[in-house]
Structures are given as C-alpha cells and as structure tokens.
Amino acid sequence: MTKIYFEDIAVGDETTSHSRTVTKEEIIDFARKYDPQPFHLDEEAAKKSIYGGLIASGWHTGSNLMRLLVDNMTNNRAGLGSPGFDDLRWIRPVRPGDSLYYKSTVIETRRSESRPDMGIVRADVKLYNQNDDVVLSMKSIGMVKTRPE
Amino acid sequence: MRYWEDFTVGMVMEFGGYEVTEEEVIEFATEFDPQSFHIDKEAAKEHFFGGLIASGWHTGSMCMRMMVDNYLIDSASMGSPGIEQLRWKQPVRPGETLYVKAEVLDRSLPKSRPELGFVKFSHTVLNQKGDTKMTMISSGMFLRNPENSATEASQ
Chain A
1 MTKIYFEDIA VGDETTSHSR TVTKEEIIDF ARKYDPQPFH LDEEAAKKSI YGGLIASGWH
61 TGSNLMRLLV DNMTNNRAGL GSPGFDDLRW IRPVRPGDSL YYKSTVIETR RSESRPDMGI
121 VRADVKLYNQ NDDVVLSMKS IGMVKTRPE
Chain B
1 MRYWEDFTVG MVMEFGGYEV TEEEVIEFAT EFDPQSFHID KEAAKEHFFG GLIASGWHTG
61 SMCMRMMVDN YLIDSASMGS PGIEQLRWKQ PVRPGETLYV KAEVLDRSLP KSRPELGFVK
121 FSHTVLNQKG DTKMTMISSG MFLRNPENSA TEASQ
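Quick note, the sequences are listed as chains A and B, same order. Under full-length UniProt numbering, the first residue of the first sequence is numbered 1, with each subsequent residue one higher. Under full-length UniProt numbering, the first residue of the second sequence is numbered 1, with each subsequent residue one higher.
Next up, chain A with everything else stripped away, as it sits in the complex:
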C-alpha cells in the first residue's frame, strides 16, 4: 500500500467512506459501559424521553466515526496521531439500525514549525445516516509525517 505523506495532501481533498450499521445491542452495550443514561440504555424509558426512543451515546457515534476513519484513511496515511478536534456537533440522534458513513474535506494544511518532520492537516468531517442526513460534524486535526528525503 502506498504511504500518503503530508506533501500528498491538499486543501479541498475529499474522502467518502463505506457504511457501518449500528445495532440496538451495540447501543445498549456501549451505554452500559460508558454512558448509562436512560435514553441510551432502556427502550421503555427512552420512549418517554424527549428523544422518543433509544438513541446512541454521542461518544458511541464519535467512536464509530473513528472506526470508519481508521478503516478508510488512517492505515495508509503516515499518521502520527491527533492532538484533538474542534466544533463537534451532535446534530441528529443515531438510532438502532442506522447506517453511518462520513465525508471529509481537507480545509487546512501546514508544516509544523517546531517539528520539520511533520505537518498538521485539518479537515471538515460530516457523518451521515442512510437518509443522507448529517448526524455529527466536527473539525478534525491530524499530524502527518513529511516525505522522507
């Protein structure tokens, strides 16, 4: 697999991922471990909540986005991890049976001043459901190696 270095990435580059389906069992399992609020855990309680039914933890949705990013991008990128992200919005609830995919667009590339062997890549990432509604958006930040000389 050809490695993608910092120099290979340009503003405007777009990526669309494959889909990942979220099941009721996964939603409940994640919530039991990390976000045990009634609208993530309990179908009956969730029906009475403002969401009108079981919805995935926002952290579960973010983690599913991470899995899609790893499967689609990270493995052939000369990545050095991420310092974080900005402006994450949970726009629509994710419900059992939803199938999620992302589109990302590179919005900024710059060389690190302190580390000449890497650059910073910022991207606008939107996660969609099977109806093409945006469920989550965020601005990702990735550190990528520069091409070895």
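Hints in this document: simulated from the structure, not taken from any laboratory. Any given hint could be a false lead.
Pairs of lysine-lysine, DSSO-like flavour, derived with a Cα cap of 30 angstroms [as the list claims (entries may be wrong)]: (1) A/LYS126 to B/LYS45; (2) B/LYS45 to A/LYS103; (3) B/LYS120 to A/LYS145; (4) B/LYS111 to A/LYS47; (5) B/LYS45 to A/LYS33; (6) B/LYS111 to A/LYS48; (7) A/LYS139 to B/LYS111.
Following the hints, position chain B against chain A.
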C-alpha cells in the same frame, strides 16, 4: 434532582477513580480504533509511544462514564449539543487511574425553549499523579427547575 439552576458559573466538581486496564484498552480499540499502538502490545513497544496506549475516543468515553456516575445521573440532563474543543494532551496507559476536574464556565437560556438551559463546562482528565491527559470544553442541556420557572412566570 439537579436542574440548570444548580450549575452556577465558577462551580468546581472533582471526581473519578477510573482504573484503566490493558484488557479494556484493547477491547475498546479492537472495536473502534484498531491501530497497532492501541491493540498490539508488542507492536506498540516499537512505536514512538513506547507501549500500549488508550484510544483518544476511549479516554473521552471513560471521562463520560465518570461524568454520568458523578453528576449527570441525578440531574435533569437532556443530552449535549456538542464539544467546542477537545485536546489529548498525553497518552493514557494501562495501570493509570483517571480523575476529572469539571468547572462551570458559562450558562445561557435559549429563547426558543423556555423549559431548558445550556451549561458550558470545562473538563480536565488527570491521572493519579495529577498529569493532565485530556481537556474538553463542552455544553450540556438541562431542564430548568419547574418550581423556579413557575415563580418567574407568575411575577
């Protein structure tokens, strides 16, 4: 029950004690972040992190669990619109114990939804030595105290 009114600007909450295990780091990453330094002990040694580290999303999820257990579960939480800024400051490694320091930065009332309000928090995830692992600025939605709202409405 804690309502929007109970989260006052400047309020600080400290809680946690989440023990990070190798088994859980690998289990989380196998499902959500299968990069070698999160799932493979031997490969992780060769990596610049020098050993197995937790996925950043796992650290965020562990922070969420501590938030739920310590102040969200007995509150009128209606979920969250999002995270303004999140930074992973240092790798989280198996064997560490995580704590959270939360502070209320700001709060507001939307005109469109009189029954609820927003609270803006800063959350810092620290280990047992006090090293900062993650920082996060995020918002939560909480119902307003029905008694207070009724009083205001009648004035």
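Status of each hint after checking the structure:
no.	hint	verdict
1	A/LYS126 to B/LYS45	violated, 34 angstroms
2	B/LYS45 to A/LYS103	violated, 33 angstroms
3	B/LYS120 to A/LYS145	violated, 35 angstroms
4	B/LYS111 to A/LYS47	holds, 26 angstroms
5	B/LYS45 to A/LYS33	holds, 28 angstroms
6	B/LYS111 to A/LYS48	holds, 24 angstroms
7	A/LYS139 to B/LYS111	holds, 28 angstroms
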